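Peer 1: Residue numbers (numbering that gives the first Met the number 0), protein chains in the order written: chain B, 0 to 473; chain V, 0 to 432; chain H, 0 to 463.
Don't take each hint at face value.
[As the list claims (entries may be wrong)] No farther apart than 20 Å at their CA atoms in a straight line, the calculated lysine to any residue pairs in the SDA-like style are these: (1) H/438 - B/394; (2) B/314 - H/159; (3) H/237 - H/190.
[What the hints assert, rightly or not] Simulated DEER-style distance windows between Cβ atoms: (4) H/192 - V/166: 43 to 51 Å; (5) V/290 - H/430: 15 to 23 Å; (6) B/349 - H/412: 24 to 32 Å; (7) V/306 - H/419: 48 to 56 Å; (8) H/440 - B/196: 43 to 51 Å.
[Stated by the list, open to error] To give an idea of the chain V side of the interface with chain B (calculated C-beta under 8 Å), a few residues: (9) 222; (10) 310; (11) 311.
Bear in mind the hints are in silico, worked out from the structure with no lab data behind them. Just so it is clear, the structure is predicted and the values come from calculations on it, not from any experiment. Where is the CB? At the ideal position from N, CA and C, for every residue including glycine.
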Amino acid sequence: MTHTRMRFPSYRAGHRIWTLACLAFLIAISAQLVKTEEPLVFAITNARIIPVAGAPIERGTIVIRRGVIEAIGANVTAPGDARLIDASGLTAYPGLIDAFSDIGLEESTAGRGAAPAAATPAPVRGAQQPQPQPSTIPPDERQGLTPYRRAFEEINPAHRKIESARAVGITTTSIVPRRGFFPGQGSLLNLSGPEVGAMVVKPATSFYINTAGRGGGGGGGGGNYPGSLMGILAFVKQTLLDADRYATAWNIYRANPGAERPEYSRALEALQPVLKREVPVIMPANSPAEIQRALDLADAFKLNLMLMGCAEGGKMAPALKSRNIPVLLAVKYPDRPSGTDPDFREELDSLRRRVEAPANAAALARAGVRFALVSDDMANPRDFINNIGRAIEAGLDKEVALRALTLTPAEILGVADRLGAIEKNKTANLILATGDIFDQKTRVKFAFIDGRKFDIPEQQLAPSGTAGRGGPGR
Amino acid sequence: MARLLQRYLIIFSGTAVLATALFLSAADERSFVIQNAKVYTLSPAGVLDRASIVVVDGKITQVGKTVKVPAGAQVIKGEGLEVYPGMINAWGNIGLTGIGSVDVMNDSSDMGNFKPQLLAFSAVHPASEHIPIARVNGITTAVSAPSGGIIAGQAALLHLDGWTADEMAVLKSAGMVIALPGSGGRGGRGGGGAPAVGAQAGEAARAQQQQINQLSELLEKARHYARAREANPATARDRELDALVPVVKGQMKVFMQAQTVRDIRTAVEFARKENLKFVIQGGREAAKVADLLKKENVAVILDSIVALPSRQDDPYDARFTVPRELAAAGVKFALTAPSASDVRNLPYEAGFAQAYGLSHEEALKTVTLYPAEILGVADRLGSIEPGKVADLVVTDGDLLEIKTQVKNLFIAGKNVSLGTKHTLLYKKYMDRK
Amino acid sequence: MIDRLKPHAKILLMFVVLAAACAAWAQVGGPGVVLIKDATILTVSHGDIAKGSILIRGGKIAEVGPSVAAPAGATVIDAAGQFVTPGIIDPHSHIAVAGGINEGSLAVTSMVAIEDVLDSTDINIYRELAGGVTTTLTMHGSANPIGGTNAVIKLRWGKDAKGLLFQGAKPTLKFALGENVKRSGPNPTRYPGTRMGTEDVIRAAFIEARNYMAQWDEYRKRAAAGDKTAIPPARDLKLEPLVDVLRGERTTNVHGYRADEMLMMIRMADEFGFKIDAFEHGLEGYKIAKEIVAHGAIVSTFADSWGFKVEAWDAIPYNAAIITRKGGIACINSDSAERARRLNQEAARTMKYGGLNEQEALALITLNPAKELRVDRWVGTIDPGKDADLVIWNRHPLSVYAVAQKTFVDGEIYFDIQKDQEMRKRMEEERKTLEALDKKNAPQGRGRGSAPGASADKTPQHQD
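Here chain B stands alone, though its shape is the one from the complex (with noise of 0.2 Å):
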């Protein structure tokens, strides 16, 4: 190219400061727009491919545009207006779905009322009786009866823990309320931001009716009903009974005027959906005999039930799958003692248990039980990809452990015909990995959600193992 020099007409000064200034104003308003405008167009090149729904690739371009992929092949032509990514000797995944965790849940009492429930004091001899402070927190959530909660309300965008979700290349997650016994509603979430609003796939995908857990608002172990397992059971089934008859209640009023009316109720109004087998219902269950009780309680129901943990569900096999129940399956393994006494002998059971439990999922698998693999409440996401690791290790086959963190999530989840697999039309969340995503050495380095680029960086790998307690994400 040649420059030809060009000459200002000498016009009056001020003019050519005023041009000058014109052009000044331009150029950073163009810097800016260039600045603050993301590329909404990519094409990832030269990546090995891993579509789920089909076949690998082992040399092609994925075209991303408005948050959803364009194109994908070998042999894919780059568009002229994309953000080109050499990708090569990188491997592109779809964005991992983690179908039941607590991804940047932060559940607090806050705006619920000032105090928890009256503390226990420690009981007291004689006439002198505290008396009770009148709490501020409503009965139902004293109970741990809030099924009207949604996860999303209670998401911070900003916790750490998304963060290395993401480095460990989860791209979505199914929150879930824990507090209660009936949390709430669980929300799919893609892992972005900034705000909430932006993250939100699908705001209620699944009731969670938390038998493990501790009662709400204060409390919880301190004495308040229930504090049992089978008061907890009496709880969920005395509600559910509720729940129904505030349905046939509303109904009758509706049909026939001179019918009393019912109280309003927010919980089992919330609850309805449940009754109508319209929405699914998460129990955790582990140990066969829990499992067995989840089952009994969704016969006795007629609930759409989902099993979420199944450590043992191996043992189960049959009656998950002759009953088709989805598992969300956890890979929480139990750690070795590490006590100084030589003398110490650990139980039968509990080696037992914990030699056999990254078999299970390939037991589940071999049986043909469809399951998704899950986080639940494990603090470092990258514990959850080695323990998957450590399953295939022990059988799981590798496809299936992938499908069962794309496409079998997103079946389960309802959204498989936007995410789980990387193909033309879904939604544009996928993975680039150094190598085999559930090779320790892997790096993630980019991951893509809803099609805006995430770098990973360096720092977010180390495994809590090595680096000490209170690793990344919390």
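Starting from the known structure of chain B, arrange chains V and H on it as the hints suggest.
Peer 2: Quick look at chains V and H alone, frame taken from chain B:
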């Protein structure tokens, strides 16, 4: 005149005879003979059929098929009955507690970690309801031990009869009760507890060692104190160290409380290092270290063996077979019923041990002769031999069998009442129309 | 014509063959046919058979007598020199429960059910089998005046929770009086704090139950009359067991120690028109044997446990004997996983304390608890037609030296002292294998995470 003399003579001699008889009977309250019973001497003499036991002033003077019966001796017919030495409950806290749920009735465990000067003897309640009830199945002597802390105090050995603790005391101080930290041992109870994990284990071990060091230092102070007092009797007295002097001199036995393999090993090591005369008390896992105990010649006072296994994967009879295993390894031990309200079940501890492998003779000895030997009173208690104290149980059958009834109980030769609060209530309410 | 008959003939022939096979099978041994031979049989119902045999078939006792022949193919167990009793029934236990035996947060918790939280993996089930127990009532604790419903279970070790349930047993409800109730509330502010308050709480609950029944009656009347505006009352899981009690369809098991509180409960039962099934422990029952017998309650008590609480201060080991002599029915219970293993010894104590004879003593842990649990139709004695719940002992069971050799539940051996020894060896081998695997898999900083951990299904035992 002769007639008058005769009359006076008759009256005089009658009075004299009466007086003599009264005098003799008063002196003979603790003198009697049991005739023609089956006697389990638990001595080299063995089991004697149709034998007799002569007791004079509370002491056994003769045992055998043929005895010389002292004139005027009270005769107790023993046909069809059996006689055993009175049983000795070698651990517990009888007389120091009342109703478990009522704090003010508890005198067995005071505050603080190092209390060698505390004496169970001083707090025993001789009128405790537990005492007559403990006797009913043939227990004549029991240890009453303090608990809590590292040095709990000194245990006492008591006859289960007497108006005062002085009258009851066989040994005002039977030994010093020491529980090294980590053993969780308390009088009659306690266990090793779950081992700490990870960093916790390291910290716990350090804290444990610190307390053991404290104890060592205290013992060393006592040695120094003993030497100082010998050199200069005007040395200021220290009541805690005074109490420890017999311990460091090897004169007073120590009850080292330990349950687990680890704690027993630690206890044996510590006691050897400090040159203590000691026995292990508790010994839940003693069978697992039987070899060590045999090698070191350490005796064990077991807690109740009628207890659940401490581990899920233990065999169902894990506690029941400990006596058999210790006996097979040649370790001397005593069985006990430590709970104050249930001391009367002591014979069934032995019966249970027999059901699970101990011989009948050994089973009997674990609640009579062996406790006597372990407590250092075998010269006067634990078997039916001339020279020993007349602690005797007369029964209508096997001492260790449940349905057996005790016919007579003698403590130091006194025929002790078998009536209790329970028998009173039984009669009262059977009589209710 | 023959052709038309052929299909009918075929079917007829099939039936005939089937019938013959059944008849033949009944004569012959098959799986589940066992003969226990030449033992001393303590039937409890009709005395002792010095030397006799028991034929088991299909889980039931088929024959009992001095000379019972073994059908061909039967498994023969030579029990010469040994003793056989009915399986022991422990009518007060807290084993095999997950997640806590007490819901003490409220004074009335009849909505909670032990049956919902049975833990079939509790090792105490096995340990009790080794002590000769075959059936037990596992219960809610004594933290509140009205606790939860209980479960009658057979100790079928290895089956799941449902597999433990004793089919046909009458439903029960736990009540508690006395000290535990007064001091068990959260904050000391849970009413009641006295025995007066305890009575009040129970009365109030029964009145509420009556009101509940009335509400439903009213609703049904209105609905039957075609009133479309009638809204059914809310079902109340707490009140329904109390309604069952009022209707005589559920038994009451009342934990009580003091004579006066038991009399209070008898008055309550009279007021509301039901019978108390059993006083649990009823330690002062001997003081009011007259009233208890007149009411018809059973006393389910300890052998010689006493003095651990103020209200147990007057407990005497003669309790069961006095009740028996005064014409009542007594049982000995364990209320403890430890005591449950030696209920035979506990029963034997009544021979020493109170002079019961062997038959009477044995009944305290077999027939009497069977009556208490309303399962005496099926268990509690050795009679043809009853369940083959049996124990073979090496000595007379009332001896301190007796050790159970085999325990049968429904005709199957669930405890065998020989097999137990073999099992220990297998467990050691399994341990070695697992330890080797564990070492091999020891994660080097790879993937850890908090465990789902010891499942809530492991519970400590509790004495109330």
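Peer 1: Hint by hint, note whether the structure agrees.
Peer 2: Results for each hint:
{"no.": "1", "hint": "H/438 - B/394", "result": "holds, 18 Å"}
{"no.": "2", "hint": "B/314 - H/159", "result": "holds, 12 Å"}
{"no.": "3", "hint": "H/237 - H/190", "result": "holds, 18 Å"}
{"no.": "4", "hint": "H/192 - V/166: 43 to 51 Å", "result": "holds, 44 Å"}
{"no.": "5", "hint": "V/290 - H/430: 15 to 23 Å", "result": "holds, 22 Å"}
{"no.": "6", "hint": "B/349 - H/412: 24 to 32 Å", "result": "holds, 28 Å"}
{"no.": "7", "hint": "V/306 - H/419: 48 to 56 Å", "result": "violated, 19 Å"}
{"no.": "8", "hint": "H/440 - B/196: 43 to 51 Å", "result": "holds, 45 Å"}
{"no.": "9", "hint": "222", "result": "violated, 32 Å"}
{"no.": "10", "hint": "310", "result": "holds, 6 Å"}
{"no.": "11", "hint": "311", "result": "holds, 5 Å"}
In the structure shown, a violation is registered for the earlier hints numbered 7 and 9, in ascending order.
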